[in-house]
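Make a model of the complete structure from these sequences and hints.
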Amino acid sequence: MPELPEVEVTRRGLSQHLIGARVQAVRLGKPLRWPMGCAPQALVGAVVSPPVRRGKYIWLGLSGGAQGQGGLLLHLGMSGSLQVLAQPGPPGPHDHLDLVTDQGTLRLTDPRRFGAVVWSAGLDVLPASKLLARLGLEPFDAAWSGAHLHAATRGRRVAIKPLLLGGEVVVGAGNIYACEALFRAGIDPRLAAHRLSKPRCDRLADEIRAVLAIAIEAGGSSLKDFKATDGAQGHFQLMTQVYGREGQPCHHCGGAIRKVVQGQRATYFCPTCQRR
DNA sequence: AAGTGGACCTGCTAGC
DNA sequence: TGCTAGCAGGTCCACT
927 MPELPEVEVT RRGLSQHLIG ARVQAVRLGK PLRWPMGCAP QALVGAVVSP
977 PVRRGKYIWL GLSGGAQGQG GLLLHLGMSG SLQVLAQPGP PGPHDHLDLV
1027 TDQGTLRLTD PRRFGAVVWS AGLDVLPASK LLARLGLEPF DAAWSGAHLH
1077 AATRGRRVAI KPLLLGGEVV VGAGNIYACE ALFRAGIDPR LAAHRLSKPR
1127 CDRLADEIRA VLAIAIEAGG SSLKDFKATD GAQGHFQLMT QVYGREGQPC
1177 HHCGGAIRKV VQGQRATYFC PTCQRR
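For the first sequence, my numbering gives the first residue as 927, with consecutive numbering after it.
To be clear, the hints were calculated from the coordinates, so they are not data collected in a lab. On a predicted model such as this, the values are computed, not experimentally measured, just so you know. There could be a bad hint or two in this list.
Claimed, not checked - Derived DSS-like pairs: lysine-lysine, alpha-carbon spacing no greater than 25 Å straight-line:
1. 956 with 1056
2. 1153 with 956
3. 1150 with 1185
4. 1150 with 956
Claimed, not checked - Now the in silico label distances, taken between C-beta atoms and shown as ranges:
5. 1185 with 948: 41 to 51 Å
6. 1118 with 960: 32 to 42 Å
7. 1014 with 992: 21 to 31 Å
8. 1015 with 1118: 48 to 58 Å
9. 1118 with 1139: 22 to 32 Å
10. 945 with 1071: 25 to 35 Å
11. 1016 with 1112: 45 to 55 Å
12. 1170 with 942: 27 to 37 Å
13. 1014 with 1067: 32 to 42 Å
14. 1156 with 957: 21 to 31 Å
From the three backbone atoms N, C-alpha and C, an ideal C-beta is built for every residue, glycine too.
Set out below in structure tokens:
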């Protein structure tokens, strides 16, 4: 589910409610992708630092508990969401973490359990450092540019769309936003990455940043599971030009949007507006 | 090294 | 109406 915009909307929600909150209790549900790596009890008494986003991860710094200085690295996988609840009801079968604090209960809900909650003593030490090690540039970092994209794609014969999904070049564009950015840039998702000219890299780098910014403004995309921390739904899914629109007319040229499969993921594009 | 495909898990939908 | 196959926003790992 959550791509960069949904994670960023979530991070902002956590910032509003949880900074300075003191952990009172921790409850775990079913196992997620990896074990948390510390005893839940050891987090009691810790105080929450301002949350930080790196790619699709959220880092929630914690200080002062028995576990000592460190934090939780959170990932929402395909179907996760985080809410801050003033009056939490009993946890359901898909609620896998409750961080009860004096400012509300942070609850992670994730039906598919591809998400993760991992304790680490810091972002730059194991295990967090390993999870973040291969991540590419942040799209809102000044270093993200067409020049960087151009350099990173030299010698890469893989198609541009699955390369974007991999996140080693630039983080944050998942299946929806990779499709949308390539449409906006007029680039065929099947084009081998190394064939992208410098001007087209400039355009694509700009469009990736633009579509992610627009989606953050829209509160993200809520296809089925995603909710912001206050339960609000995003509405970017109403604005997609290609994603999920197979057979429907292109808003630009009127031709039918096509769907192909790349790397076992659906890709949507306009065969007229997007060129090799 | 780069590329490809399978794995993880659950719920929903389209099609028979 | 009921079953089943296929699909879903991510990413790690093993294999060629």
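Comparing the hints with the structure gives:
Proposed proximity of residue 956 and residue 1056 is supported: the alpha carbons are some 24 Å apart, at most 25 Å. Our distance criterion of 25 Å between C-alpha atoms is met by residue 1153 and residue 956, whose separation comes to about 21 Å. Annotation: proposed proximity of residue 1150 to residue 1185 holds, straight-line Cα distance about 20 Å (limit 25 Å). For the given pair, residue 1150 sits about 21 Å from residue 956 by alpha-carbon distance, which is consistent with the 25 Å threshold.
Look at residue 1185 against residue 948: about 49 Å separates their beta carbons, and that is inside 41 to 51 Å. Judged by the Cβ atoms, the range 32 to 42 Å given for residue 1118 and residue 960 holds: they are separated by roughly 35 Å. The hinted range of 21 to 31 Å is satisfied by residue 1014 and residue 992, whose Cβ atoms lie roughly 24 Å apart. In this structure, residue 1015 and residue 1118 meet the distance hint of 48 to 58 Å, their C-beta atoms being roughly 51 Å apart.
Between residue 1118 and residue 1139 the beta carbons are some 28 Å apart, a value that agrees with the proposed interval 22 to 32 Å. Against the hinted window of 25 to 35 Å, the Cβ-Cβ separation of residue 945 and residue 1071 comes to about 32 Å, which satisfies the hint. Between residue 1016 and residue 1112 the beta carbons are some 51 Å apart, a value that agrees with the proposed interval 45 to 55 Å. With their beta carbons about 30 Å apart, residue 1170 and residue 942 fall inside the hinted range of 27 to 37 Å.
Restraint check, residue 1014 to residue 1067: a C-beta distance of roughly 36 Å satisfies the suggested window 32 to 42 Å. In this structure the supplied range 21 to 31 Å holds for residue 1156 paired with residue 957, their Cβ-Cβ distance being about 28 Å.
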